[in-house]
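So the protein lines, in turn, are chains B and W. Throughout the first sequence, residue numbering follows this note's numbering, covering 1 to 475 in sequence. Throughout the second sequence, residue numbering follows this note's numbering, covering 476 to 723 in sequence.
Hints are computed from structural coordinates only; laboratory data are not their basis. Being a predicted model, the structure only gives us computed values, none of them experimental. Just to be clear, a hint being listed does not mean it is correct.
Calculated pairs, DMTMM-like style, for lysine to aspartate or glutamate (alpha carbon to alpha carbon, straight line, at most 25 angstroms) [to be verified]:
| no. | chain 1 | residue 1 | chain 2 | residue 2 |
| --- | --- | --- | --- | --- |
| 1 | B | K51 | B | E410 |
| 2 | B | K408 | B | E21 |
| 3 | B | K408 | B | D385 |
| 4 | W | K658 | B | E282 |
| 5 | W | K658 | W | E492 |
| 6 | B | K435 | B | D385 |
| 7 | B | K435 | B | D422 |
| 8 | B | K435 | B | E462 |
| 9 | B | K435 | W | E641 |
| 10 | B | K51 | B | D61 |
| 11 | W | K658 | B | E474 |
| 12 | W | K658 | B | E395 |
| 13 | B | K435 | W | D513 |
| 14 | B | K408 | W | D661 |
| 15 | W | K658 | W | D669 |
| 16 | B | K51 | W | D669 |
| 17 | W | K658 | B | D61 |
| 18 | B | K435 | B | E395 |
| 19 | B | K51 | B | D298 |
| 20 | W | K658 | B | E21 |
| 21 | W | K658 | B | E410 |
| 22 | W | K658 | B | E239 |
| 23 | B | K51 | W | D513 |
| 24 | B | K435 | B | D459 |
| 25 | W | K658 | B | D459 |
| 26 | B | K51 | W | D661 |
| 27 | B | K408 | B | D369 |
| 28 | B | K408 | B | E22 |
| 29 | B | K408 | W | D669 |
| 30 | W | K658 | W | E646 |
| 31 | B | K51 | B | D385 |
| 32 | B | K51 | B | D197 |
FRET-style restraints, in silico, Cβ to Cβ [as the list claims (entries may be wrong)]:
| no. | chain 1 | residue 1 | chain 2 | residue 2 | range |
| --- | --- | --- | --- | --- | --- |
| 33 | W | R622 | B | A26 | 17 to 25 angstroms |
| 34 | B | P407 | W | R539 | 15 to 23 angstroms |
| 35 | W | L675 | B | A200 | 34 to 42 angstroms |
Here a beta-carbon is modelled for each residue, glycine too, at the ideal position from N, C-alpha and C.
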Amino acid sequence: MRTFLGMPATAPPGVGHLRGEEPFPAAARRALGDAQLRRNLRHATTTIRTKSGAVIGEVPDWQQLRAAGRAIKADAMARLPELLEQLEAAVAAAGGTVHWAADAAEANRIVTELVRATGADRVMKVKSMATQEIGLNEALEAAGIEPVETDLAELIVQLGHDRPSHILVPAIHRNRAEIREIFLREMPGVDPDLTDDPPALAAAARRHLRQTFLSTRVAVSGANFAIAETGTLAVVESEGNGRMCLTLPDTLITVMGIEKVIPTWDDLGVFLQLLPRASTGERMNPYTSMWTGVTPGDGPQQVHLVLLDNGRSAVLADQVGRQALHCIRCSACLNVCPVYERTGGHAYGSVYPGPIGAVLSPQLTGVADNASLPYASSLCGACYDACPVMINIPELLVHLRAQAPHPKSEAAAMAAAAYTMDHPALYAAAQRAAKLSKLSGPRGRGLPPPLSGWAASRDLPEPPSQTFRQWWAER
Amino acid sequence: MRIALFVTCLADTLYPEAAKATVRLLERLGHEVDFPADQTCCGQMHVNTGYPDDALRLVRRHVRVFAPYDVVVAPSGSCVGSVRHQHAMGARRAGDERLASRAEEVGRRTYELSELLVDVLGVTDVGAYYPHRVTYHPTCHSLRMLRVGDRPLRLLRAVRGLDLVELPQAEQCCGFGGTFAVKNADTSTAMLADKLRHVLDTRADVCTAGDASCLMHIGGGLSRLRAGVRTVHLAEILASTETIAARG
């Protein structure tokens, strides 16, 4: 199946990290039993939530800013083909080269060939969700090229042979004692007396990375924004390690999802106000790097942009679902989500966890391949309130649940319930029958699966002696 | 004022006391309550579980039954949220624009109990008496779909004898989420554990809310733990007086 733009309808299986190995409830069950993980997540999400809430409270026009962010994204999605061609022309005019990748496999091939052409056997990486999505590190390693993550948290994940569990804080599931152990085990030349004091851990990472920055000639990045009118790419980060990668090497290769394009330079101003407050709880982003093609004699002299589809055209074709493409990867929805706070990111299987992951991953892969994710939410709505571009995530979750394959027995029960409830006499009879039935056992403990899940931790109420409508009729 | 009661299937079947209390309260305040007997369920469970086509017949029924009334009240923020925000959307999804506009009309005239009392009837002191220590859980859909804000708290503060204690992290979901509680029973239970801890921390005798569904969840957990704390619907507290006291 192909979309109206001729792109493959979904991200292909077997490459990248959009599909989990087991359904969410099973993965979540295991994560919930990890007391250390629960503690780390509770501490980290509570801290970010509190910080973010405080700085958002300082902005009197926050709601108008959110509305502006949503409007810019909706406009960009409505004329995405035109903006992408404008971006391509502007990047080329500034001396950069633009590549189009229909899916993860093609993007990995393009990047691998570009690195090979430089003769390098190592690349340094700026933290990037797009390259995690397509599994670029594995593809590079298979081609004999060593990728080095330079974002501190991504480095912890890479050295720990682990997977990121949060969009912004990929090692949120690790605490400092665990990080110390990983560094001692995996970091070349590490001080064996390393303590778990955060400045000591940061200093160890700095010594390790400085060597990489000064000796690596190729860097790979993602992009937070691309400005169509100027061909400018932007990366926002907190450590400055990204800026090292963006300025020191000879060759810079950027892999960017096609939805990251915005029309004008002025539009960037809206997002640079929204993003830091919503994501890290900072008033202003610490390192904002912007580059437009090649500047002779300054910075990378070979600049490439790989535009990644990988299912995005199909998402765009869904009038309701396309809101998910508005996401600016701030993670505010993760930090307020009561489900994410308890299960962490790995339970979602995809590199995109939390509420946005629950609506983005199934759309990129096709709902059947991530059928449990749209159900990984109590629909409490905290994500919608927190989203700086007002993505109606609860609406999207419900929209995707309607597309998910349903268990046959559940579908039959739902149809029967709807029929019964559309016939009041039958409905009243069913209410009385349910009350008399001994099926549910004492306080629901005899309920059959899947309803037994309820009774595992909760009693059912004692059935009343009469229903409301019986009481009303006798009144 | 003549007010139609949208009882909700859950209150009708399992929590009739909340619905009876709604009737008694409104009648005590001098209003006439009507119960259109052809009503059943708003279809929220079907929509939220992924069965919008099955839900459509329930949306049609709901709109037909309640269209003749100027004011409709339900003792549930969640079911009012469904009527107000999901019915028209479901009708549009099915391409039925006429049903969608009728659903919007019914949605505009349908109120959650605290909204009806404060906004439509203009009362915060309903003359209730309830001598118990109470904490209030602001259910997610009342809070974030309907934005009822502090209306329930204003009503509770005016109740004589009632000792209102603030619930820590009140705005966090209790973990019910309809079929979420069954499909993701473990995660739901983990969310409930924190909610119960906060309820118990208040040392309240009673946890109240405007939704029987969330109270069924919280109450089910408290009952399993033999915690000795009861859940009581907001309507029952507001209907309670010196002469007809509700359970505490």
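Hints and how they fare:
no.: 1; hint: B:K51 with B:E410; in the structure: violated, 43 angstroms
no.: 2; hint: B:K408 with B:E21; in the structure: holds, 23 angstroms
no.: 3; hint: B:K408 with B:D385; in the structure: violated, 35 angstroms
no.: 4; hint: W:K658 with B:E282; in the structure: violated, 37 angstroms
no.: 5; hint: W:K658 with W:E492; in the structure: violated, 29 angstroms
no.: 6; hint: B:K435 with B:D385; in the structure: violated, 39 angstroms
no.: 7; hint: B:K435 with B:D422; in the structure: holds, 20 angstroms
no.: 8; hint: B:K435 with B:E462; in the structure: holds, 9 angstroms
no.: 9; hint: B:K435 with W:E641; in the structure: violated, 36 angstroms
no.: 10; hint: B:K51 with B:D61; in the structure: holds, 18 angstroms
no.: 11; hint: W:K658 with B:E474; in the structure: violated, 38 angstroms
no.: 12; hint: W:K658 with B:E395; in the structure: holds, 19 angstroms
no.: 13; hint: B:K435 with W:D513; in the structure: holds, 21 angstroms
no.: 14; hint: B:K408 with W:D661; in the structure: holds, 23 angstroms
no.: 15; hint: W:K658 with W:D669; in the structure: holds, 19 angstroms
no.: 16; hint: B:K51 with W:D669; in the structure: holds, 22 angstroms
no.: 17; hint: W:K658 with B:D61; in the structure: violated, 40 angstroms
no.: 18; hint: B:K435 with B:E395; in the structure: violated, 34 angstroms
no.: 19; hint: B:K51 with B:D298; in the structure: violated, 37 angstroms
no.: 20; hint: W:K658 with B:E21; in the structure: holds, 18 angstroms
no.: 21; hint: W:K658 with B:E410; in the structure: holds, 11 angstroms
no.: 22; hint: W:K658 with B:E239; in the structure: violated, 41 angstroms
no.: 23; hint: B:K51 with W:D513; in the structure: violated, 51 angstroms
no.: 24; hint: B:K435 with B:D459; in the structure: holds, 15 angstroms
no.: 25; hint: W:K658 with B:D459; in the structure: holds, 17 angstroms
no.: 26; hint: B:K51 with W:D661; in the structure: violated, 29 angstroms
no.: 27; hint: B:K408 with B:D369; in the structure: holds, 18 angstroms
no.: 28; hint: B:K408 with B:E22; in the structure: holds, 20 angstroms
no.: 29; hint: B:K408 with W:D669; in the structure: violated, 34 angstroms
no.: 30; hint: W:K658 with W:E646; in the structure: holds, 23 angstroms
no.: 31; hint: B:K51 with B:D385; in the structure: holds, 16 angstroms
no.: 32; hint: B:K51 with B:D197; in the structure: holds, 22 angstroms
no.: 33; hint: W:R622 with B:A26: 17 to 25 angstroms; in the structure: violated, 36 angstroms
no.: 34; hint: B:P407 with W:R539: 15 to 23 angstroms; in the structure: violated, 31 angstroms
no.: 35; hint: W:L675 with B:A200: 34 to 42 angstroms; in the structure: holds, 41 angstroms
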